[in-house]
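With the hints as constraints, model all of the structure from the sequences given.
Here are the chains, one letter per residue:
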Amino acid sequence: MSGNNIDGIIAIIEKYRGQPGSLIHALVEIQHENHWLPREVMHQVADALEVPFAQVMQIASFYKAFSLTPKGRHEVHVCTGMTCHLRGAAKLQAKVEELTGLRDGETDAENKFTFETGACLGSCSIGPELIVDGKHYGRMTPEKVEAVLKQYE
Amino acid sequence: MPKLQSVAELEKYRAEILAQRDPAKPCIAVCAGAACDGMDSAAVAAAFVTEAGKLGGKIEVRTTGCHGYCEKGPNVVVTPGDICYFEVQPADVPEILAATLKGEVVERLVYKDPNTGAKAVHMHEVPFYKHQTRLLIGDNPKIDPMRIDDYLAVGGYAALVKALTEMKPDQVLDEVKKANLRGRGGGGFPAGSKWETTKNAPEKTKYVIVNGHEGESAAFMDRAMLTGNPHKILEGLIIGAYAIGAQKGFMYTRHDMPLLEKHVRNALAQAKEYGLLGQNILGSGFDFECELHFDVGIFVSGESSALMRSIEGNPPEPRPKYIRTSVSGIWDKPSNLNNVETWANVPQIITKGAEWFTSIGSEKSKGTKLISLSGNVVNSGIVEVPMGTPLRTLVFDIGGGVRDGKTLKAIHFGGAMGGSIPADLIDAPLDFDGMSKLGAPIGAGGLLLMDEDTDMVEIARYLLDFLVNESCGKCAPCREGMPQMLHILTNMTQGKGKPGDLERLEDLAEVTGAASLCALGKTSPDPLKSMFRYFKPEYEARIPGGSGDK
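Residue numbers (this note's numbering), protein chains in the order written: chain A, 1 to 153; chain B, 1001 to 1550.
Check each hint, because a few of them may be wrong.
A partial selection of chain A residues facing chain B, derived with a Cβ cut-off under 8 Å [claimed, not checked]:
no. : residue
1   : G21
2   : S22
3   : L23
4   : I24
5   : V28
6   : Q58
7   : A65
8   : H85
9   : C120
10  : G122
11  : G134
No lab work stands behind these hints, which were simulated from the structure alone. No residue lacks a Cβ here, since even glycine has one placed at the ideal position from N, Cα and C.
Here's what the structure looks like:
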């Protein structure tokens, strides 16, 4: 599990040991902590929470919040909710795709960025927006994207 | 803080809070709602805290939930007087503080009418606010969501006190039934009847649930309420549990809003500490616990049976509802689920009575409705108006009309499962039944303006694209029907429409709507149906030599 936050993950698993009903809670916390769910971690979750591995996989692969592959250091998100869409999110998305070379859901080879789209984050009044690692950049235009992304290494 | 053992202790504590507060002392409320936060209101709040700290406690600073006028964020409101400052930057902070100390106003930061240049200083003069009736969201600028004492100071938990001490559970239920409170999540189903079903279900273990999933695109009022005033929703939930006889509650909300999670967790912990949750609440003998649960990123988990499966720890697949969830829900126990805004209405109904509540609104839709106003509108934000208010008031008086001087083409309600109506229906009143008849049901209350440049075929394609990704895939009509409709619409937007496409779309819309298991599939063709009703020529024009040229 090199590169993963092992102590944090173990602490989460221990917190829910023996509680099959807390499967989603455990996976959400691990996802937030580690940004993805490695297979061996899901095996440990299955053992500790006493649920079949198949059920862990069912939950992990069903819900969109879970990632089964490693993510980049920075998560770049373009809101494609309805207001952002009406206010030009598609152009913003195209610009991010052009600058990062990534399509929706992809991570670059250097693990710098993971690019995702999604709806709706509820900041409609300042759409379209770019969100990097949870920080919102409102009233974004394609011209301003490069300057924002440059801040992240 | 020692646990409050009785109603008398709570009221004594409330009196102490109020005695310590001087209403004449200036207070600066900085909005930290989702939009203001996105415009870095945190930096503004930090500057206020630093600069006000130098003034030796002469001015109080409060970080609050959403004020409503998201378009003009970061928002700052100064009390007394409710002086509104808009688009405030950290550099403006010293000037605002200096003016506030002198009882003056910083003219350059107040509202200016874009057409006449007329200024509006106080909240009740600002056009965006003055046409509203802010019963639910109006407290937001007065409350730091992390402080239960702020909620108590505005009369919070007084409704719970009244219910526990002066009313039997049946009387609480009767009051909500008489108030004709209808579910704010989309269905408009009477909350009282739903409560009664759960109450009368034979099982002893019963649950109550706050649906704060808010997956509807461009609807953002529930999270504004839950983030900005979590105790109001919790108070409504506890009262509901008392009426229904539920021992446990669940708050189900989004996992992707850190501030929301922080505020709700904190509110639950504080309520527990104060003795408003847990065993023997305020010495009444009533026990109630509440747990927080998260949706992990799929739209269908807002559907009630799917949501309950998710709370159990399973994938959120809806089930057929020949037995309602109010009879057999979480772990097959009777489970009453209401939307955030529905629960938020409960305390005021108990405090002020059903008669007062039914005096607001239209004939069959009572009370106020929170509306998320966005799209091509000048003033985007969260709006609260009495039911029955004409859409014109929402769009023009409050919303300020269409952006960039363009013409209004359509009004869209209800997100991806809603509908669009043409601009000439703008005098229709905001009403559950009336809007449904027009083909644009209110849904949760996301209202979008679309300007003259909007391509209605593209919009239908966009909405279906969203739903195709959010379908759980359990039933075939939804899983297979929507992609087929999307395929045709995508071709039409790319200039590849064929004769017969419209007929095929109508066919698919009918079957998908009739045969799908849950509301997601059933209502997925609704936007398309509304467009066929009002904007069909635009669709016909995409069919070369076909039905358009007939």
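Status of each hint after checking the structure:
1. Proximity of G21(A) to chain B holds as hinted, the smallest CB-CB distance being about 5 Å (cut-off 8 Å).
2. At a threshold of 8 Å, the smallest CB-CB gap from S22(A) to chain B is about 7 Å, leaving the interface hint in force.
3. The beta carbon of L23(A) comes within 5 Å of a beta carbon in chain B, closer than 8 Å, and the hint placing it at the interface holds.
4. Hint on I24(A) holds. Least Cβ distance to chain B is approximately 5 Å, under the 8 Å limit.
5. Checking V28(A) against chain B: minimum C-beta separation of about 6 Å stays under 8 Å; hint holds.
6. The criterion of a C-beta within 8 Å of any C-beta in chain B is met by Q58(A), whose closest approach is roughly 6 Å, and the hint holds.
7. With a cut of 8 Å, the hint placing A65(A) at the interface with chain B holds, because the nearest CB-to-CB distance is about 4 Å.
8. Using the Cβ-Cβ criterion of 8 Å, the hint placing H85(A) at the interface with chain B is satisfied: the shortest such distance is roughly 6 Å.
9. With a least beta-carbon distance of about 4 Å to chain B, the hint placing C120(A) at the interface is held under the 8 Å criterion.
10. Checking G122(A) against chain B by beta carbon gives a least distance of about 4 Å; that is within 8 Å, so the hint holds.
11. Taken as an interface hint, G134(A) checks out: its beta carbon lies about 7 Å from the nearest beta carbon of chain B, inside 8 Å.
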